[in-house]
Amino acid sequence: MQLIEKLRDTMQLTAEKPDPALLPTPKQLRRSTIAAVIGAAFIGIGVYLPAEYGFDPTGVGNVLGLTEMGEIKQQLAREAAEDDLIHGEDQSSLMHDILGLFVSAAYAEETWQDTITFVLEPGGFTEIKATMEQGATLFYSWTSEGGRINFDLHAHAGGESVTYEKGRGQTDGEGSFVTPFAGDHGWFWRNRDDEAVTLTLQLRGDYSAIVRDE
Amino acid sequence: MSSNSTVLHALASRRVTAIFLTALALYASSVAQVLAHDVTPGDAGYIQEIWGVHVISFIYLGAKHMVTGYDHILFLLGVVFFLYRMKDVAIYVSIFALGHSVTMLAGVWFGWGINAYIIDAIIGLSVVYKALDNLGAYRKWFGFQPNTKAATLIFGLFHGTGLASKIIEYDISEDGLLWNLLAFNVGVEVGQILALFAILVVMGYWRRSERFMSQAVVANVIMVGLGLWLTVYQINGFLTAA
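Quick mapping for you: the protein sequence lines, in order, are chains A and B.
Using this note's numbering, read the first sequence as starting at 1 and increasing by one per residue.
Using this note's numbering, read the second sequence as starting at 1001 and increasing by one per residue.
Some hints could be false.
Pairwise CB distance ranges (calculated) [to be verified]:
| hint | chain 1 | residue 1 | chain 2 | residue 2 | range |
| --- | --- | --- | --- | --- | --- |
| 1 | B | Val1186 | A | Gly44 | 17 to 23 Å |
| 2 | A | Glu165 | B | Ile1235 | 31 to 37 Å |
| 3 | B | Ser1094 | A | Ala81 | 41 to 47 Å |
| 4 | B | Asn1147 | A | Glu160 | 54 to 60 Å |
| 5 | A | Glu82 | B | Asp1175 | 26 to 32 Å |
| 6 | A | Thr171 | B | Leu1177 | 27 to 33 Å |
| 7 | A | Gly123 | B | Leu1239 | 39 to 45 Å |
| 8 | A | Ala36 | B | Val1186 | 31 to 37 Å |
Listing some non-contacts, in silico: residues in chain A with all C-beta distances to chain B over 12 Å [as the list claims (entries may be wrong)]:
| hint | residue |
| --- | --- |
| 9 | Phe118 |
| 10 | Glu145 |
| 11 | Tyr164 |
| 12 | Arg204 |
I should point out that these hints are in silico values taken from the structure, not numbers from a laboratory.
C-beta atoms are modelled at their ideal positions from N, C-alpha and C, and glycine is treated no differently.
Produce the entire structure from the sequences given, and follow the hints as far as they go.
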């Protein structure tokens, strides 16, 4: 307390004491406080809850288009938690089932080893990866029909991870990558568009199998 | 009699200081989840999933960024601390808004990303500067009062550079970037007005109290401390990350 007394004596404030005439009256302050509380409640329920949690009791969030934001955030949070769970344990191959159904090698161009076609509804997602050794190369080419697609071309195995490319709202892509470590390398696809999207993915390179995570 | 009033004085100071600190602690804990670099995975994750023009979403994100940006709020509190006329509040806040809008928009558009720790350390120093200014330190130490409007503008430019660095980290799609960026800027100003309203209501009650002037000294000393803490925290982050 002595310190405060000393500070008060040594510091000359830049400012002057407020002139009571300039200050809001208690009545004005009460009104402002009520307005602030009502405003905070409205923003909290009508805007914050929809935009963060996708919970929209009033429907205001939906009108503003913020409920979708909350739903996406919640979905991402769930996926991050599941991801932690999976990678906390050791990689399980039980999650994988060999994708044979959509693979139609016979019709592929000579150069492509596999052509994979699948449909994603709006909000739908899937993961398609190639099982590869370290230092192996994969060439790819893909196109989407009916809408645009988001993707994350990546891999993670045995505590290592790599992101080759991320994209959103795209309709085609091609290229290649070389694996820095052995494991399943490939795409997480998600349809954030308004229509169902048909994706055609062509692959060529040094891989032993194609796996699909649901 | 006089010693009696001094004791009362000190007690009242202590209580208000406690309330002030409690309020700050509550605010700090409510934004603690974004303390580790402001960009919450949720917002960044959402932004990285979308493309095209989303005006209302980006207004919301801009406002959220401002309201949960404790460093911007502290500086704003320092700026309006001794502004009693609404006209002055409007002038200074507009100067600050002009400053941070210019560097925010230009920074993202031209990709002037500065290391977020460095810019946040400077923003911490802006809080220290303004609180010392409020305490009359420059007049006492150097015998003159630096131009307060110029300081608000210059620090506004730094705050905008900080905002730009965060937005670049968000990685907004090129598709619709300009409109989304402008919407984000509008949101920052909306968030600033909301925060300002709350600050002015609280200051309105406080300024009516007899003890305001003496407690103002304590509050600004605390703000110097908080600003220094922010600066050290960010420099530490920079050194750890480097």
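Here is what the structure says about each hint:
Between Val1186(B) and Gly44(A) the CB atoms are about 21 Å apart, so this pair conforms to the stated range of 17 to 23 Å. Taking 31 to 37 Å as the suggested C-beta distance range, the pair Glu165(A) and Ile1235(B) conforms, at roughly 35 Å. Distance hint check: the CB atoms of Ser1094(B) and Ala81(A) are about 44 Å apart, consistent with the given range 41 to 47 Å. Taking 54 to 60 Å as the suggested C-beta distance range, the pair Asn1147(B) and Glu160(A) conforms, at roughly 55 Å.
Separated by about 29 Å at the C-beta atoms, Glu82(A) and Asp1175(B) satisfy the suggested range of 26 to 32 Å. One distance hint, 27 to 33 Å for the beta-carbon pair Thr171(A) and Leu1177(B), is violated here, with the actual separation near 19 Å. Separated by about 43 Å at the C-beta atoms, Gly123(A) and Leu1239(B) satisfy the suggested range of 39 to 45 Å. A hinted range of 31 to 37 Å is violated for the C-beta pair Ala36(A) and Val1186(B), which are about 21 Å apart.
The Cβ of Phe118(A) sits about 20 Å from the closest Cβ of chain B, beyond the 12 Å cut-off, so the non-interface label holds. No Cβ of chain B comes within 12 Å of the Cβ of Glu145(A); the nearest lies about 18 Å off, and the non-interface call holds. Here Tyr164(A) stays apart from chain B, with its beta-carbon at least about 16 Å from theirs, past the 12 Å limit. For Arg204(A), the non-interface assignment is confirmed: its Cβ lies about 29 Å from the closest Cβ of chain B, beyond the 12 Å cut-off.
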